[in-house]
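Chemist: The chain contents come next:
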Amino acid sequence: GAGVSQSPSNKVTEKGKDVELRCDPISGHTALYWYRQRLGQGLEFLIYFQGNSAPDKSGLPSDRFSAERTGESVSTLTIQRTQQEDSAVYLCASSLPLLYGYTFGSGTRLTVV
Amino acid sequence: AQSVAQPEDQVNVAEGNPLTVKCTYSVSGNPYLFWYVQYPNRGLQFLLKYITGDNLVKGSYGFEAEFNKSQTSFHLKKPSALVSDSALYFCAVRPNQAGTALIFGKGTTLSVSS
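Chains P and R are the protein sequences, given in the same order.
1 is the number of the first residue of the first sequence in this note's numbering; add one for each residue after it.
1001 is the number of the first residue of the second sequence in this note's numbering; add one for each residue after it.
No wet-lab data here; the hints were simulated from the structure.
A portion of the hints provided could be inaccurate.
[Stated by the list, open to error] Listed below are the simulated EDC-like cross-link pairs for lysine to aspartate or glutamate, each with C-alpha atoms no more than 20 Å apart in a straight line:
# : chain 1 : residue 1 : chain 2 : residue 2
1 : R       : Lys1077   : R       : Asp1054
2 : R       : Lys1022   : R       : Glu1064
3 : R       : Lys1106   : P       : Glu85
4 : R       : Lys1106   : P       : Glu44
5 : P       : Lys57     : P       : Glu68
6 : R       : Lys1069   : R       : Asp1085
[Unchecked claim] Here's a subset of chain R near chain P, in silico, CB distances under 8 Å, partners left out:
#  : residue
7  : Lys1022
8  : Tyr1039
9  : Arg1042
10 : Lys1049
11 : Phe1090
12 : Leu1102
13 : Phe1104
14 : Gly1105
15 : Gly1107
16 : Val1112
[Said to hold, decoys possible] A few chain P residues that don't get close to chain R, going by computed Cβ distances all over 10 Å:
#  : residue
17 : Val4
18 : Lys17
19 : Arg22
20 : Gln41
21 : Leu43
22 : Ser66
23 : Glu68
24 : Arg81
25 : Glu85
26 : Leu96
27 : Ser106
The beta carbon of each residue, even a glycine, is placed where N, CA and C say it ideally should be.
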């Protein structure tokens, strides 16, 4: 597609529920990244995909967080048993492997109540 | 640990005045450096990057940044600020290693008054 698409744009969930966030990267971009942006804070790295594998998942904050990517395309970030501290904007970005900048999606704003 | 610091949470300038948003970094090797801008309720947009070559790089919307290796800095500048430049600015660094993600600073809010 023309840009990185994320869905849903907004998600309100009850504490303890599971949520899935979706990212559709730019076609042909083999690298995909997830970041989290809490209110008033910077971007926190979560996980990086090269193709369908994740060579760096060091930023996932707990085992409640997981992500997968299929077909070197769509990625899903899953948060199990959501907590209030999970409330944030979750940003996805993609890039070509040897290209240095990212293209970001508009993010999913997750609110856990 | 590799990191990026943006020492100012907020920068206030008057329209027409020059602006500087500061960034320093700590990474091993020769870094790739970036600036991104985030307008309210919108995603991050790429402004400019330094990979190699001339230390002064020019980017979108009249912004430029100067790479200073000895001071490990990459400050964002613009000669004449516009009210429409008001936004959140992020400095980011990518260690010169294949397969590494960008490390972002905490962001600096730029407020340009008319």
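Chemist: Look at each hint and say if it fits the structure.
Modeler: For each hint, the structure was consulted:
1. R/Lys1077 - R/Asp1054: Within the cut-off at roughly 16 Å; holds.
2. R/Lys1022 - R/Glu1064: holds, 12 Å
3. R/Lys1106 - P/Glu85: At roughly 18 Å apart (the allowed maximum being 20 Å), glutamate 85 of chain P and lysine 1106 of chain R satisfy the hint.
4. R/Lys1106 - P/Glu44: Distance of about 9 Å is within 20 Å: holds.
5. P/Lys57 - P/Glu68: Within the cut-off at roughly 11 Å; holds.
6. R/Lys1069 - R/Asp1085: violated, 27 Å
7. Lys1022: Interface hint status for lysine 1022 of chain R: violated (15 Å vs cutoff 8 Å).
8. Tyr1039: violated, 11 Å
9. Arg1042: holds, 7 Å
10. Lys1049: holds, 6 Å
11. Phe1090: holds, 7 Å
12. Leu1102: holds, 7 Å
13. Phe1104: Result: holds, 4 Å to nearest chain P Cβ.
14. Gly1105: holds, 6 Å
15. Gly1107: Status holds, d = 5 Å.
16. Val1112: violated, 20 Å
17. Val4: Non-interface label fails for valine 4 of chain P: nearest chain R Cβ at 8 Å, not farther than 10 Å.
18. Lys17: holds, 25 Å
19. Arg22: Check passes; 15 Å lies beyond 10 Å.
20. Gln41: violated, 6 Å
21. Leu43: Not fine: 4 Å to the nearest Cβ puts leucine 43 of chain P too close to chain R.
22. Ser66: holds, 17 Å
23. Glu68: holds, 17 Å
24. Arg81: About 26 Å separates arginine 81 of chain P from the closest Cβ of chain R, which puts it past 10 Å; holds.
25. Glu85: Holds, since 18 Å exceeds 10 Å.
26. Leu96: holds, 13 Å
27. Ser106: violated, 4 Å
Going down the numbered hints, you'll see the structure goes against 6, 7, 8, 16, 17, 20, 21, 27, while the others check out.
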